[in-house]
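Peer 1: Residue strings, one per chain:
2 protein chains.
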Amino acid sequence: MAKVAIMGFGTVGGGVAEVLRMNAGIIQERLGEEVYLKYILDIRDLSDSPYADRMIKDFSIIEKDPEVEVVVEAIGGAKIALEFTRRALLAGKHVVTSNKELVAGHGKELLAIAKERGVSYLFEASVGGGIPILRPLMQCLAGNEIQEICGILNGTTNYILTRMFQGGIAFEEALREAQSKGYAEADPTADVEGLDAGRKICILSDLAWGREVRPEAISMEGISHITPEDVRLAEANGYRVKLLGRALRLPDGRQTAYVAPHLVPVSSPIAGVDDVFNAILVRGNAVGDAMFYGRGAGDLPTASAVVGDILDILQHRSCCRTLDWSQPADLVDAGDLATPWFVRGGQTGGAAERTLAPGAVMTIPMTAAQVAALQADSAIRVLA
Amino acid sequence: MAKVAIMGFGTVGGGVAEVLRMNAGIIQERLGEEVYLKYILDIRDLSDSPYADRMIKDFSIIEKDPEVEVVVEAIGGAKIALEFTRRALLAGKHVVTSNKELVAGHGKELLAIAKERGVSYLFEASVGGGIPILRPLMQCLAGNEIQEICGILNGTTNYILTRMFQGGIAFEEALREAQSKGYAEADPTADVEGLDAGRKICILSDLAWGREVRPEAISMEGISHITPEDVRLAEANGYRVKLLGRALRLPDGRQTAYVAPHLVPVSSPIAGVDDVFNAILVRGNAVGDAMFYGRGAGDLPTASAVVGDILDILQHRSCCRTLDWSQPADLVDAGDLATPWFVRGGQTGGAAERTLAPGAVMTIPMTAAQVAALQADSAIRVLA
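As you go down the protein sequences, you meet chains L and V in turn. This note's numbering numbers the first residue of the first sequence as 1 and each following residue consecutively. This note's numbering numbers the first residue of the second sequence as 1 and each following residue consecutively.
Worth flagging that the hints you see were computed from the coordinates, not collected in a lab. This list has only true hints and no planted wrong ones.
Copies of the same chain look alike in the list, so a pair counts if it fits in one copy or across any two.
Under the rule of at most 35 Å between Cα atoms (straight-line distance), these lysine-lysine pairs were calculated in the DSBU-like manner:
1. K57 / K79
2. K38 / K115
3. K115 / K3
4. K115 / K57
5. K181 / K79
6. K3 / K64
7. K64 / K79
Chain L extracted, bound-state conformation (with noise of 0.2 Å):
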């Protein structure tokens, strides 16, 4: 019998103990041992939860129980998380977590610290939500030289965008209808402004390249200024307004990273992803191009990545994945990155000043500062 422990039991915790419930025949049949849940560490008091016997408010108690091989971290934040999540690898217990924030600031020494103890820190969950991404990523894909990852990492950005598209709305109604059905937060500042999909665009260029990109390093743009005649626009030259994060391996070796909205051509496998669904697309130089698509949140989907992230653990106690992106990644400023851009209306300034066609898309690449030029009222970056 697997002994694992659950820190937090929010959303993500509580689809973890449901999903170890749910489907305990199936996982123990797979494994070969049951996976029983000893602890769930929450400051709150739980003592009416059907879990009530196992609810502990003190970390010591997992720290020095030698019976907790996998600990499940679903705090969030980078504060008791990252105290928590080092002291639970330092007492040699293995850590899987979907924290996005925790793992894009703080995963190189993370990684360090489980690669010294000899365990393993794994987060499936922490981009995609329930989508397999980065163990495919890294093992299927692992005989290409990965040059481009770019997709639909945030859920939120891209509900509103469905329904700015569908319903021909602005944006403000959008968020708010996002609210109300609990897509968005309270304070949607993190998912609406790119801060979500910016640390998950991290963590996947960390893996491809074995490189740190660290997230106040990289360019992040939301979708708050799109407007409904920016999606109207888009769509009467053939394109969809999405919000990527997109990062890229440079001919000269070099990388970006960033995340910033696209018209994104109908014809992309990209374009046709709705609601909150998220999708990635990964370029190998054999694989060519493959997409991965599912739900980038939710309880059980992430979960799901959680679970089986403690199952590839237990299934090889005996040889632990080493991650690794202790050296810096050489970046390019993504403002530097040339590309196609949709513009609206603005002026090309100096004397001979013109109002820009209404929807024009330029197909010339351009840089930010050549587009900055272009004063528009609108200029959005088309993915070529």
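With the hints as your guide, set chain V onto chain L.
Peer 2: Then chain V, alone, in the frame of chain L:
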């Protein structure tokens, strides 16, 4: 340095050699050691090949060489490939293949030998070409009860159906196009009649539920009888015609698997998968729907999956994967599976004869026998 051998130097074998050469640096960096291609077994005289110095014609050289750790079986078919795979596994060598005929027909026996010898028999490339699907299904989704797997598993037929849709042309013309582009073989039977997709859905079913589904035990229907009228009427009703391999676990625990053309609602992520691309939708009770998309064939995409398996084996020498589907599945005949149907023409028969409306989509679930009684000119399952 890890030494490998390739058996069969055709499209797949050549692709594997090319990926090992092209990405040697990345592979060595990720693995921490060089992967050296020591032998290429082929009955043909390839003395003018750049690999002439490694060409051999006698399998026993590989079999007897203790340096060879991994053998890639790219011979195809289930005769010589079966004998050499058996002997390689018995000789204590890991074997990697893309040979769906061999895996679907003899995987049970070969996996038993691998388990007994403590080596791996991996075949990620046998389903979906370069698309990571088997490892994500077995590892990332291990915490799920898999409820359904449904996919476009054959690129040749998907190209033909795409051309029939886009060009409004007949099956025969679209097939000739596919052949002229090299997407279809001179004898396209195995593709167009569903056998290739059938072998793949059997492998997916074997892995998802750990019970063997023999290809000869499932119903396989191809697309040669699909008319432009069917495709046109399907579109008019908001559907696309796709050849799907489906495997389901029924509420009573029994399973069914089959291959047949389906009307797929345009709202489904599978509907937009065109040309030679494949896509596999997996439904789990925790993750919900996850989809995997990419090139289902071709030398480099297929080689990408083969090399991924090779690296996985070499990274986990101490704990090789043991897959097992030694028990037979409790199968329900797909004909008994009640689904909505699209029917065209025909008559209900009997005294009160009436011609069915052209392109009627019968939303009441019916079995194949019930639909046959309608004596329709055309009857195609609808993906609900």
